[in-house]
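S.K.: Sequence:
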Amino acid sequence: MKFEKTNENTIKVWVTNKDLQERHVNLLDLMENQDDVEQFFYQILEEVDVDHEFQNNDLVSFQVLPAHDGFEMIISKDDRLVSQLTEANVNFASEESKEKFTKMKQKQQSSDVFDADHLTREVPILFASFEELISGIQAVQRQLQIHGVKLATALYKREDQYYLVLRYQLLPDNVDPTWDEIKTQLDAIDDQLSLFYEFGELSPMRSEQLEQSAQPIIAQQAVKTLTHYFN
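Under the UniProt record's numbering, the first residue of the sequence shown is numbered 1, with each subsequent residue one higher.
Source of the hints: derived by calculation from the structure; they are not laboratory data. Keep in mind that this is a model prediction, so the values were computed, not measured. A hint or two may mislead.
[Said to hold, decoys possible] Below 20 Å or equal to it, Euclidean Cα-Cα: the simulated SDA-like pairs (lysine to any residue) are:
1. K183 - E72
2. K5 - H52
3. K183 - L144
Taking the hints into account, I'd like the entire structure generated from these sequences.
M.R.: Structure follows, in structure tokens:
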């Protein structure tokens, strides 16, 4: 079984059908029991986490991508990276196998949502005051433009707190991008978000909840508008 630690938060693992046979694992049978799935994933984690940097982290997530001879697993201890397996990414041999695979659901819920089908990511950030909001926007100005990523922003207010919703649309250079290409763009977004997080925090409310319960202040181009008036 091959694996690679791509950065401090991520390990990439390639699990082949031979690896499964050596462990006497039938993947479809495994999918019938969510507890068995989690146990299997953590067994892999124990094998590849040679420095013991991931095993004691409650926020570890697993993303599985089908491969020609098995599957590729991305193990992350970054709580903003959403662990998910979407039906659009898998060619199922039968309806039975499709039903079994759909039992693999993301383990954690977050308001930082990445849609792998449409290559979009929505991140609502909570600021305790208007001053912190402006400081966050000013801090990110030099890294506002990300290659291959289109950004739309909206601003909401609720109970004297401000919510900046960032909607990223990934525009990869290739029609059929690899995970590495997508991950590079997501990492660039994370770098930008880290600047915002110096002044705000990830909102506990998702963007659709804010649309329903918060007061819209600037519906479109919020960052551009605020930069124009407060830069």
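S.K.: If you test the structure against every hint from before, which numbers come out violated?
M.R.: none
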